[in-house]
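Full structure from sequences and hints, please.
4 protein chains.
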Amino acid sequence: MPIRATVWNEFVHERENATVKAIYPEGIHRTIAAALSSDEGIDASTATLDEPEHGLSVERLAKTDVLLWWGHKAHGEVSDSVVDRVQQRVFEGMGLIVLHSGHFSKIFKRVMGAPCSLRWREAGERERLWAINRSHPIAQGVGDFIELTNSEMYGEPFLVPEPMETVFVSWYEGGEVFRSGLTYQRGAGRIFYFGPGHETYPIYHDAQIQQVLRNAVRWAHNPARPWLDVSTAPNVPVDQAPEKIEKRGGSLHAAGEEGFR
Amino acid sequence: MPIRATVWNEFVHERENATVKAIYPEGIHRTIAAALSSDEGIDASTATLDEPEHGLSVERLAKTDVLLWWGHKAHGEVSDSVVDRVQQRVFEGMGLIVLHSGHFSKIFKRVMGAPCSLRWREAGERERLWAINRSHPIAQGVGDFIELTNSEMYGEPFLVPEPMETVFVSWYEGGEVFRSGLTYQRGAGRIFYFGPGHETYPIYHDAQIQQVLRNAVRWAHNPARPWLDVSTAPNVPVDQAPEKIEKRGGSLHAAGEEGFR
Amino acid sequence: MPIRATVWNEFVHERENATVKAIYPEGIHRTIAAALSSDEGIDASTATLDEPEHGLSVERLAKTDVLLWWGHKAHGEVSDSVVDRVQQRVFEGMGLIVLHSGHFSKIFKRVMGAPCSLRWREAGERERLWAINRSHPIAQGVGDFIELTNSEMYGEPFLVPEPMETVFVSWYEGGEVFRSGLTYQRGAGRIFYFGPGHETYPIYHDAQIQQVLRNAVRWAHNPARPWLDVSTAPNVPVDQAPEKIEKRGGSLHAAGEEGFR
Amino acid sequence: MPIRATVWNEFVHERENATVKAIYPEGIHRTIAAALSSDEGIDASTATLDEPEHGLSVERLAKTDVLLWWGHKAHGEVSDSVVDRVQQRVFEGMGLIVLHSGHFSKIFKRVMGAPCSLRWREAGERERLWAINRSHPIAQGVGDFIELTNSEMYGEPFLVPEPMETVFVSWYEGGEVFRSGLTYQRGAGRIFYFGPGHETYPIYHDAQIQQVLRNAVRWAHNPARPWLDVSTAPNVPVDQAPEKIEKRGGSLHAAGEEGFR
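As they're listed, the protein sequences go chains B, H, U and Y. Throughout, this note's numbering is defined as the position within the first sequence, counted from one, plus 223. Throughout, this note's numbering is defined as the position within the second sequence, counted from one, plus 223. Throughout, this note's numbering is defined as the position within the third sequence, counted from one, plus 223. Throughout, this note's numbering is defined as the position within the fourth sequence, counted from one, plus 223.
Certain hints may be false.
Copies of the same chain look alike in the list, so a pair counts if it works inside one copy or between any two.
What the hints assert, rightly or not - Each computed DSS-like pair below joins lysine-lysine, with the alpha-carbon atoms no more than 30 Å apart:
| hint | residue 1 | residue 2 |
| --- | --- | --- |
| 1 | K470 | K286 |
| 2 | K470 | K244 |
| 3 | K470 | K296 |
| 4 | K296 | K467 |
| 5 | K296 | K286 |
| 6 | K296 | K244 |
| 7 | K467 | K286 |
Please keep in mind that the hints were generated in silico from the structure rather than gathered at the bench. This one's a predicted model, so the numbers in the text were calculated from it and none came from an experiment.
Laid out in structure tokens, this is it:
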């Protein structure tokens, strides 16, 4: 069965800004979805901010193995209840790939638990993403580095937790560096942050960038059954303890009672 | 200058439950603060849920180097705006020590970005906390392990991110295990989660537990000046790039404009 | 193409000790290889200490995707040059699964860079391995925990580097705990340490243990082409720098000269 | 009591190469020791390759809290038995700071368990070390970055294990990046690798570099008593188990017997 990837996009700048529209006439999400679909093992579809429930209903998320997230201008318009839902699905095992300015999206800040801040400059300068571990599944097929003629600078300090793995580190013409490919695990879900993607440059049309996105979808996919009760704290009654014990001492709870949250 | 530690407590069960009241007549916070104050390098004070702003005003937090957090029944009564404030202070460099049932507190879930769930059993069983790295600053003076005659079982899976360091792992009489001492870094702030502390047993009266708390306060203290703008994403104008570059390509932003959030 | 797994065993106690011989009449390696071969995606073979080059010639290692290592009594008899060779293959991308008393094998100490010491007790006591992340590929199919009626106790402190992922933590009847399933990355190679396996108990006949071994082989397999020059430090001549620069300042090396090692 | 730092240097190029001699007439070790000694909390001394036991006798190491290591041309001349001794002291709690070309020293490869390879270019190009976490103790007082007018390029991929903390990442004029400040823990010892230091440029005369070295000595210092038996694997006899158990099943060892190594 192919991996079911959903590409989410706020889809604002492509409709408001002529430069962006010229590069992504149908929206960034469609360009990315097409790039993913060239891998026959991936079944890619899209969702956008202006759809009901931002296109991320309970049913839709239940059928999503990996969610890609692109947002920039409209982070604040994403409903908290949809973010709750996405976060829970990540905990249950859905993969999450956060792209570029998604570093300040609600969902990324939620799962990082950190400021997620950085420095930036929109100067169309050269970026070179060095593969730190060329044998990592996400870096397959891209060689020593990816070079982007025009890119937005995202610079350190990037205030995220120390990652599970550093996959890419970027060099910028203007003198900065950036950890531009980072992996994390939260609950049963795997998370990949990938830096490049400013909308005024044709970055998602780049063949190597598209290769990384396909790799990342395969990497983030957890084939295990969703861990539906991952966020609950079950009581283990005394008579069901793995070792035989007897209750001693004071107590707050009546037998079988739920814990506080 | 001594380290300024603030011990926060929801202070509910000590007033409602006779067992708890008998153990902590003045509240868990006062027992812990007294234990910390036996270290002349620590200046400990307390704050509780029922104080204005839960005792955690902007001014108070600005004067707190390390915050200890004990909550259980009233997590939901803690105001989101106070949690925002505490989180920002952690990012700026305030240490945070989360105790026992604080695993489900708003602030811990915020900075972990993970479910923070676990299994539990209130049976007064024996717990033995093994020091994984006896040379770690937090484990100084406690020997190979700490043994608690009566403890609440907190068992794996504990759904938190892989820690920076595993300091303690607990064994329980009933057959479970728990990673009961874990360190994290978020922004400029250091975080320590410490498992034991169920309120129906006199755990915070234990000399070794008190030693760990004092050690943890010293470890979590970051003497660097607060990183006040840790959560902002400053633009670096083209003419202030470390290397001389010229702007190229399309643009979304006018010169000097703030980024989106 | 199936994953080529080689099960290495010192194969000493099975020939010297009647208890061990009764459990593993053909050697631990054959029991494990048979367990792996029940997965049609794995092609398992064996190698032992007494074969020429311990069965691990250059050619054999080149055809090994994942190496499993069982040793106990004869760590010192393994030739350093074979260990060099195995280590280099791990760096190039071969997976390595180190079993039980292999914690003190030359190859494990080499790739950990740490003491790898622990406490032990041979009392046939009960061990319960808790799955920390039940959604991890290595823990698939084993449920909440694995229970072994008779096991050797391996206890903390286990002096290894903080792992990439903690997959299992063990509880022992005698009161200790042990991080019994840990993952690491070294160069292009993935490493898994798995604690249970004392030779006087029929542990590798256990269905759940066998499931973990199959899972671990699949997890440790890196399908990328071997990174043959992973250990070399190539010079990048000035005229091949990604950005155009001119040489300045003093120099130790003539143009194109090799670096020191 | 001040921290006792020993600066080790192979001390070869300063005697053979006129450029290096002009920059470090008394040797790199003396320049670094003088920089450390400007901190009244540090008592710095030196040791070199040509001294008996390379200046690192058992007694000398026992009186060293933090060892700094600079080597380049003569890694192969360092005796394995001295490396064994240094490694054991790191495991017991001695801090280790490995400088520049020390990435290929025997001791660094030993404690990393990884290839430690990188790319390099001696072109006197500009390097800019960005502080990833400006609140980290090692980065105190250096601001956003350190800029070196002339430096040797050390580029990714740098084949080391994922660090505990990434403290600095370097940008190079020629287009590469490098994780130039990394922390690790091995046994009771803290390790810091710091990239800059090519001997044909006056890098250790730089005030910010000196500040980092002083900070690193303070960070790497473990005040706990040395963990002398950190590398041994003690048997815990059945009658000394924390919980009362009885021996069951088969056995390899007679009571109280030592384990195999």
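Hint by hint, here is what the structure shows:
Within a single copy, K470 and K286 get their C-alpha atoms no closer than 44 Å, and across copies no closer than 43 Å, so neither meets the 30 Å cut-off. Within a single copy, K470 and K244 get their C-alpha atoms only as close as 67 Å, which misses the 30 Å cut-off; across copies the closest is 21 Å, which meets it. In the homo-oligomer, the alpha carbons of K470 and K296 lie at most 30 Å apart only across protomers (22 Å), although the nearest pairing inside one protomer, at 56 Å, exceeds that limit. In this assembly of identical chains, the alpha carbons of K296 and K467 lie at most 30 Å apart only when taken from different copies (29 Å versus 57 Å within one copy).
Within a single copy, K296 and K286 get their C-alpha atoms as close as 27 Å, which meets the 30 Å cut-off; across copies the closest is 36 Å, which misses it. Proximity of K296 to K244 under the C-alpha cut-off of 30 Å is restricted to the intra-copy arrangement: shortest distance 15 Å within a copy versus 52 Å between copies. For the homomeric pair K467 and K286, neither the shortest alpha-carbon distance inside one copy (42 Å) nor that between copies (49 Å) is at most 30 Å.
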